[in-house]
Each structure stands twice: as structure tokens, then as C-alpha cells.
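J.: One letter stands for each residue in the lines below.
Protein chains: 2
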Amino acid sequence: MISKLVDKIVNTGAPIVVGLDPKLDFIPEAVKTKCFQEKGENLEGAAEAFWQFNKEIIDNIYDLVPAVKPQIAMYEELGIPGLITFKKTVDYCKEKGLLVIGDIKRGDIGSTSEAYAVGHLGSTKIGDKVYRGFDEDFATVNPYLGSDGVKPFISVCNKEDRGIFVLVKTSNPSSGEFQDRIIDGRPLYEHVGEQVEKWGLESMDGAYSNVGAVVGATYPEMGKVLRDIMPHAYILVPGYGAQGGKGKDLVHFFNKDGLGAIVNSSRGIIAAWKSENYKEFNDGRVGEAARCAVLDMKKDIADALASK
Amino acid sequence: MISKLVDKIVNTGAPIVVGLDPKLDFIPEAVKTKCFQEKGENLEGAAEAFWQFNKEIIDNIYDLVPAVKPQIAMYEELGIPGLITFKKTVDYCKEKGLLVIGDIKRGDIGSTSEAYAVGHLGSTKIGDKVYRGFDEDFATVNPYLGSDGVKPFISVCNKEDRGIFVLVKTSNPSSGEFQDRIIDGRPLYEHVGEQVEKWGLESMDGAYSNVGAVVGATYPEMGKVLRDIMPHAYILVPGYGAQGGKGKDLVHFFNKDGLGAIVNSSRGIIAAWKSENYKEFNDGRVGEAARCAVLDMKKDIADALASK
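Protein chains in written order, with this note's numbering: chain A, 1 to 308; chain B, 309 to 616.
Accuracy of the hints is not assured; some may be wrong.
DSS-like cross-link-like pairs, simulated, lysine-lysine; straight-line CA separation at most 25 angstroms [what the hints assert, rightly or not]: (1) 299/A with 4/A; (2) 279/A with 256/A; (3) 331/B with 87/A; (4) 274/A with 298/A; (5) 395/B with 39/A; (6) 299/A with 256/A; (7) 87/A with 459/B; (8) 129/A with 340/B.
If you are wondering where the hints come from, they were derived from the structure by calculation, not from laboratory data.
Using the sequences provided together with the hints, build the complete structure.
T.: So, in C-alpha cells, the structure goes:
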């Protein structure tokens, strides 16, 4: 699966993933009003507004980027109706030719991790037929439970040609509380990075592994070290834009050939229409603003990589 | 919320939580056949079989135990139909007077953790009304992202009188890979335990905190140390029964008054009807076998605590 992502990055020239993390605050009043009228001013109406919002964004960016990353928490907040929109979003993105990274940060022990892996990346046989729960292409995975928690995901990746990104160093301010603690002279995230590289050798697909890593844009120096520790891991980089990461912070996450990393932006793209930087779209043109924001981000990263 | 759990433990005399972690393999053929006939041999049919199976267990154990712990992964494996069964199970257990611990092991950065917390423990205001996504009483939380990931859950606990159990030392064989690594002379899980105690002081409810901890029955010596490090944390103990933990391994997780811990068993109870130990129920009497298994577990723990 990682080779498909690499091909799409090369073809689009955009090592960018759009985070589809809707919130009611990001959605224009007119859209919400219409959805509430149609489905009720309740969880169903809110989930419909998420769907309409996502669809407008997807329709405006699908030709520019290789992948999207819906954050499942935003949908889980709305219970079952929200998760129906999550699933609809995954399916629609795939129809449009986008790869889908389910940002689910799951992780549990053996057979339970297997259930998550099957539900999100794999398939279940019932009777003579095979069914898929959510059917993303990639999922994010939490490593705290160790190999038993991660390997069931890798088995499913190998069986179904899918991929994962394991949390190594997250973009948030308190990520250092445990991740930066020193063990045998090196921070925990480096030990996790080493394991990611090892796990990844069990699922190689071209020059990279189906086992990638999450490393926050907000920690560029750590990204540099981790790039070396995990030569076969594609790095998914959150934290660009709204969380403070800039193009120039990202160069060390990439290899010399401009590959090896893919950068996520969520709010900076999906809520661009509301921002000062895109004033011309403040009247509610979500999709057009998202498209401009993607193009600007593409240029920012390309410029940074060119002057590396 | 933790005071409600403590009251129920005292009233039932059973520091036991039943893990509602259905699998198709655990469900009698006759039940599956009926559900597949009614709903189709597909995800909907499988989810209906989960529901019928859960209902039979709940109806037979609700008067014996204070709480249940559905493992959401098992339901996510079946996609949306599975999650509809998860929600139905949560609602039904609450109707029956059981507290519900959602074993969701979520954890993300700030606003994303907040979305999970709201979806599982809290409520969303849409228009003038308040809606709840999944509405469990407690949720399990992964600490790898640090305080930013955990505190949004604590805010919701304080606002809505709910609780969490943070993963400290998990029951699986490879949990030591990261959790046991030595930092400043002590294993990572002790540092996480210290944080749990600190976080917990922000959400006290009687003698204990709404912020509890998960510590596997399979590591009794570590349980002993963690009991002291986290005097205000209730300990949720998985790993009893099928994973190898026995009553005598559990004594150190409890305080002298017999409180301070609650022990989970999943397969050992819900699949008791299939086991050698409960031969008389091998013909498919799921509920009666579950009831016997709960009573046996209650006795095993009581005997162990009595001889402490």
C-alpha cells in the first residue's frame, strides 16, 4: 500500500494529506440550517452537516492531493450518526481516487488489536462472503502496549495490502511527558522509532514499509533524528499550520529525493474559508478556500524542500 | 462516578466487571442461524447475533455484579452495524442498573481527545438540546500523549460525573517493551502511575478519584507497587481467567478494606458455556454458564482476599 501512496505523491507533486476533521464551528450557518431542517436539529442533522461540508472539500481538492486523513474522534463525538458520516466519507474519498488514512490511534492487546485491524483495514468472513467494516487504506496505531498490540495490524496489512502509521513523537505540547523520558541514554520516542523500523521490515513494499510513523511537525529536530533511525518508514507529519509547524520546519522529515514524508493539515485547509488569510472566501465558500489553501501549502513545502 | 461504583461493589460483594467482548466463535450455532435468517448472513446478521448473545448474558448476571465492560474493538470489527449493537448494549446495561465501562483505549491531542471524551462520556449541545453519543459511565484512556491527551477526559468527568481508567501496566506479554523501560531508576509504568495519582486529585469523589488505572492481573508484583503509588486510584484489573490471572494474584491490587480494585473477566464468563469446567452447559446455555462463572469468580476472589 505504501508504494501506492508514494506513486500518488509523485504524480500530484504534493506530499500533503488533508485532515477531514469537521466541527460544527467550521461549517457555514447556511449549510447547518439546511441540514437541520432536513434531518432535525440533532445528532443526525449535525452528521449530515459534516457530510455536506466534507463533500464540498473533497470535490475541490481530490485532484490535488494523494490522500485524506479523517480524524475519527470528530465523528465519534456524534455517536452512530457521526460514524455513518465517517464511513460515507471514506467511501466517497476512495471513489474519487484518494487514499484514506483513518486517524484512529487504536491499540490494544493481541486479539483485540486484531479486531480493530480487521474492522478498519481488513475483512471478516461471514458465511461464504467477505465484509469490510470501515475499509480505510491506512490507520494510525498507538504503540504503548508493545509488539502484541502492533503486530496484528501488520498481519492485516500484509494480507490485505494496507498500511499503518505508528505514533512515535506526537505534535502536542505535553507529548514529551512520557515520550521524551530518557531510557538508556536516549528518549523513549527513539526506542519506539527503532521498533517501528524493525516491525516495518516485516511489511516492505518497494523502498518503504507499510509500517510508517507519526512525528509532529512541531518537533523538527527530533524529526531529523527519527528520519535516520527509521530509514524505511514513511513519516506522517501532523502539526503543520494551525498547530504552528511551517514548511521550513519540515525539510528534515524528508529524504534527499523529496520522499519519505507526508504532511497533514486539517484546520488550515478545511476552515481556511473563515481565516484572515482567505478573506475573499469569508462568505462561506468552503471548497474554494480549501483548494487555495492546499495550493499555498504545496508551494510552501516545495519552496522549503528546494532550498534544503 | 467512582463513588457509585464503590457503592455497587459493596452492595453486590463482587469486585467484578464482566467483559462483554463477543466473537462469532463464542455464540451458539442456533443463535447465529436465527439471526442470519432474520437479518441476513452479513454484518447486520452478525451484529444481531452479538446483541442476542449479550442480552442473554446481561439478563443472567445483572443482579450479581456492579458493572460490565464492553470492548468496543469487537463491535468496530463489524463496522456500523457492530457499533449500533455496542450502543444498544450500553443502553440496555444501564436500564438494568449496571455501570458501563467503555473499553475504548482512546487518547489523542487536546481538542481531539475532547471529542472522544464528549462522544463517550459527555454531551453535545445542538440548538437548544443536549445529545449523547455513546453514553458510557467510564472509559479507558491511553496515556502515551501525556496530559493534553488525558485532561480533556478529566474535564468531561468533572462536568458530567463520569470516570476514566488510564492504562498504566497492561496485561499482555509484550507490555514491558516500553512500559517496563527504566527512567530515572524506575519503570515507565511507575511514572505513568504517579501521573494518574496527580491527575486524579483533580477529580476526587469520596475516598477515590474518578481517574482510575488499568493494571493487568498478570503482573501481581507490579500491582503491589502501583497500589501504593496511586492511593486514590481505583484499579481496573484485566487478565483474570483466560489470560492466566488467578484470585491469589489479585490480593495486592486491593486495599485492606477489600476495596480499591475491580477485576475484569471476559472469555472466562461469556464463553463459559463452551468450556470443560462448565460441561453441563455445553449445549448452548450461555446465560446460565455465565452466571455460574461469575459466582465462581466471586468466590475465588473472596477466598483470596479472606486469606490475605
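J.: So, for every hint listed, does it hold in this structure?
T.: Structure-based check of all given hints:
As the CA atoms of residue 299/A and residue 4/A are separated by approximately 23 angstroms, the hinted pair is consistent with the 25 angstroms bound. At most 25 angstroms may separate the alpha-carbon atoms for a hinted pair to count; residue 279/A and residue 256/A exceed this at roughly 36 angstroms. A C-alpha spacing of about 22 angstroms is found between residue 331/B and residue 87/A, which places the hinted pair at or below 25 angstroms, so the restraint holds. A threshold of 25 angstroms between alpha carbons decides the hint, and for residue 274/A with residue 298/A the separation of about 20 angstroms falls inside it, so the pair holds.
In summary, the hint linking residue 395/B to residue 39/A is supported, as the alpha carbons are separated by about 21 angstroms, within the 25 angstroms threshold. At most 25 angstroms may separate the alpha-carbon atoms for a hinted pair to count; residue 299/A and residue 256/A meet this at roughly 18 angstroms. At roughly 28 angstroms between alpha-carbon atoms, residue 87/A and residue 459/B are farther apart than 25 angstroms, so this suggested pair is violated. With a C-alpha separation of about 15 angstroms, the suggested pairing of residue 129/A with residue 340/B holds against the 25 angstroms cut-off.
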